[in-house]
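Peer 1: Line by line, the protein sequences give chains A and B. Mapping of the first sequence onto my numbering: position 117 corresponds to residue 924, and the numbering continues sequentially without gaps. Mapping of the second sequence onto my numbering: position 238 corresponds to residue 1045, and the numbering continues sequentially without gaps.
Quick caveat, the hints were computed from the structure, so don't treat them as lab data. Just so you know, these numbers come straight off a predicted model, no measurement behind them. Careful, some of the hints might be misleading.
Each pair may be met inside one copy or between any two copies, as identical chains are not told apart.
Said to hold, decoys possible - Capping the alpha-carbon separation at 20 angstroms, the derived lysine to aspartate or glutamate pairs in DMTMM-like fashion look like this:
#, residue 1, residue 2
1, Lys1048, Glu1180
2, Lys855, Asp821
3, Lys869, Glu897
4, Lys1048, Asp1201
5, Lys1048, Asp1206
6, Lys1153, Glu1128
7, Lys1051, Glu1137
8, Lys929, Asp946
9, Lys1092, Glu1128
10, Lys997, Glu852
11, Lys837, Asp1097
12, Lys1065, Glu1189
13, Lys1027, Asp982
14, Lys869, Glu1137
15, Lys1207, Glu861
16, Lys1124, Asp1139
17, Lys1207, Asp946
18, Lys865, Asp821
19, Lys929, Glu947
20, Lys865, Glu897
Number of protein chains: 2
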Amino acid sequence: MRVVQKFGGTSVGDLDRIQNVANRVAKTVKNGDEVVVVVSAMSGETNKLISYAEHFSKNPSKREMDMLLSSGERVTSALLAIALQEMGVEAVALSGRAAGIRTNSIHTSARIENINTELMEKELQARKVIVVAGFQGVDENGDVTTLGRGGSDLSAVAIAGALRAELCEIYTDVDGVYTTDPRIEPKAKKIEKISYDEMLEFASMGAKVLQNRSVELAKKLNVNLVTRSSFNENEGTLITKEEKIMEKPVVSGIALDKNQARVSLRGVKDKPGIAAEIFLALAEKNINVDMIIQNVGEDDTTNLGFTVPQNELSSAKEVMEELNPADKLEYDNDIAKVSIVGVGMKSHSGVASIAFSALAKEGINIEMISTSEIKISMVIEEKYSELSVRTLHDAYNLDK
Amino acid sequence: MRVVQKFGGTSVGDLDRIQNVANRVAKTVKNGDEVVVVVSAMSGETNKLISYAEHFSKNPSKREMDMLLSSGERVTSALLAIALQEMGVEAVALSGRAAGIRTNSIHTSARIENINTELMEKELQARKVIVVAGFQGVDENGDVTTLGRGGSDLSAVAIAGALRAELCEIYTDVDGVYTTDPRIEPKAKKIEKISYDEMLEFASMGAKVLQNRSVELAKKLNVNLVTRSSFNENEGTLITKEEKIMEKPVVSGIALDKNQARVSLRGVKDKPGIAAEIFLALAEKNINVDMIIQNVGEDDTTNLGFTVPQNELSSAKEVMEELNPADKLEYDNDIAKVSIVGVGMKSHSGVASIAFSALAKEGINIEMISTSEIKISMVIEEKYSELSVRTLHDAYNLDK
């Protein structure tokens, strides 16, 4: 089997942990697997380099930042290759360039355009473990680029796709994806398999295991992703095509996002295209609008509500006050968004009503509701966050 | 004027020092010069990375070591470019690869084969300061290589040669080359100009300003080298072709090497080729023999003496005892080699006699003498090291 294993910053955080990673990789090789390892910089390194750059400039050139930041992953890949060689495992360290990762030229947040797998295929043929410096590639000018936050995950997924690997394992310091945050609900269970779309809903709501960009790429390239811990031997969570998940649970899990603020517009002015105007103005300021609700208020006026990340509320406020599109503008920082995610919802009716009645029974008022095919999101008062997560986890029997 | 400026590890040892280097480079740019800067890793970085590698292996793969060690210079070059840009100086950081430095494939001690200056010429044309990561290049497989000890100096000299720069300035923490070690003779004076050959004699005797490899390359490529301090504005020492030095002093300076040990063979066996046999056996053990003296002893037997670095004396001893080539073998660690260097000696007779009588007057016995066109080396008892340096410095009026 051909496997890509990606180890993040905490998994390679010090020399002993790099040795642990080497042990784990060696075990996979012993199983007879072909292994490509993708590594991040040792935790703390990238931040250290950023602080160095900021010593000189508040707005350092992105091209030079990429040259600076790409060095951390090179160090880890060389060290891991050396550790593997010492254990008698044939290994070769490759920079992003050497691994054939071509990107566009948008420095510090480049996109992978293609991967020339020639050298990697040759090294795999020679039964070598390839240790690739993650997070980086090279543009058409030959300049080093980096892929932005979560970039090493992207490297791993893209390489798994290009090499047609059976599996792409993302090692972090958590065991996988849970039915909800175990710090809130101790009865939360690890999910064995989950679809790309469900994972995307989880990730966008702060289940910090994987960045959406990586899940999206895995979906596009049809890569079987596994997220698991590098600190134990537990099986992780497989993220794969919906078709491959035989027993589809109605609800897979409950996600909580406390980083939301609400803007309410009562009595929106009766003007054609006013909604478009509002959201265009917000987009121009790069404000990320999440939920949008519109309904009819008293006297046939329109009420409009939307949520934004908390740190973008003041910008949203400015935009709204300049636009002045409604009789009354209200802002609320003390809200949370709790969401029920599950592909099974598509074919099961009555999923929402279970949530509504369970929350009602606890006296929790639902302030906004938004639904998609595989998700029901509800805005509630922030103080009820944990209680509503536990209530919903229970209502859908997720601990069973 | 086109100038290459190289800054070593202590000159870029921390962020403030990198800022100092940026200030200095900016000043050169203001003079209207075209500037290529070559930088080392921040002092301590390379040793840190080596200790990381040694955590995993006593004998780490050299290919991976090169990938590991080359990262330090990349960091410095990116940081310096960022600092320059912030000051409004257009600058671009280039790795060894991007600077077109092609080497052979002898990892960790590669040799520069050629430099493709296309990109550098283009950037200079665009009036940009080029900041090159020193110490590194790339081999025909595209793998990163490093040039070994003193590698950044080599990068600088090779680039200066390839770009036909008028000057290659090597910045360190000392002001230049002195007539002798100022810690021994406070009256020592900085030398304004010195020939490549004289510098080679100084460097090989522990004047640690420049490695011989760099001086040899500068001589071969006809590069005007200047060694000076990055911590002050003092003029340094120009190392150039002998022809360019108008006033040739008879003696340029006095060098001292305390790291020598002597092996004496009395009554060498009368066997054809015995000397060749001795030095072949030493060479096979990679023992660096420096001075060799042979003369006729009593009863027509031959006496042979040679010096080796002190830490190679025990190996030399082993070789001698196995070979057993003489009646009597003697070893002496307590010696020093003091040398008089100067191109003017070629045309001036009587240079040696001044030394001999000056030392005799102080009661210093000369145990071995070896001469070349521009050097007279003498082995003395180690305890007289400093006294003989001061005596000779005085005898040749080097403080004038």
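Peer 1: So, for every hint listed, does it hold in this structure?
Peer 2: These are the hints, each one checked on the structure:
no., hint, in the structure
1, Lys1048 <-> Glu1180, "within (16 angstroms within a copy, 81 angstroms between copies)"
2, Lys855 <-> Asp821, "both (15 angstroms within a copy, 13 angstroms between copies)"
3, Lys869 <-> Glu897, "between (36 angstroms within a copy, 14 angstroms between copies)"
4, Lys1048 <-> Asp1201, "neither (27 angstroms within a copy, 87 angstroms between copies)"
5, Lys1048 <-> Asp1206, "neither (24 angstroms within a copy, 84 angstroms between copies)"
6, Lys1153 <-> Glu1128, "neither (40 angstroms within a copy, 89 angstroms between copies)"
7, Lys1051 <-> Glu1137, "neither (46 angstroms within a copy, 82 angstroms between copies)"
8, Lys929 <-> Asp946, "between (23 angstroms within a copy, 18 angstroms between copies)"
9, Lys1092 <-> Glu1128, "within (14 angstroms within a copy, 84 angstroms between copies)"
10, Lys997 <-> Glu852, "neither (31 angstroms within a copy, 42 angstroms between copies)"
11, Lys837 <-> Asp1097, "neither (47 angstroms within a copy, 52 angstroms between copies)"
12, Lys1065 <-> Glu1189, "within (7 angstroms within a copy, 76 angstroms between copies)"
13, Lys1027 <-> Asp982, "neither (24 angstroms within a copy, 61 angstroms between copies)"
14, Lys869 <-> Glu1137, "neither (39 angstroms within a copy, 65 angstroms between copies)"
15, Lys1207 <-> Glu861, "neither (50 angstroms within a copy, 50 angstroms between copies)"
16, Lys1124 <-> Asp1139, "within (11 angstroms within a copy, 86 angstroms between copies)"
17, Lys1207 <-> Asp946, "neither (50 angstroms within a copy, 59 angstroms between copies)"
18, Lys865 <-> Asp821, "between (29 angstroms within a copy, 18 angstroms between copies)"
19, Lys929 <-> Glu947, "between (23 angstroms within a copy, 17 angstroms between copies)"
20, Lys865 <-> Glu897, "between (43 angstroms within a copy, 17 angstroms between copies)"
When held up to the earlier numbered hints, the structure conflicts with 4, 5, 6, 7, 10, 11, 13, 14, 15, 17 and fits the remainder.
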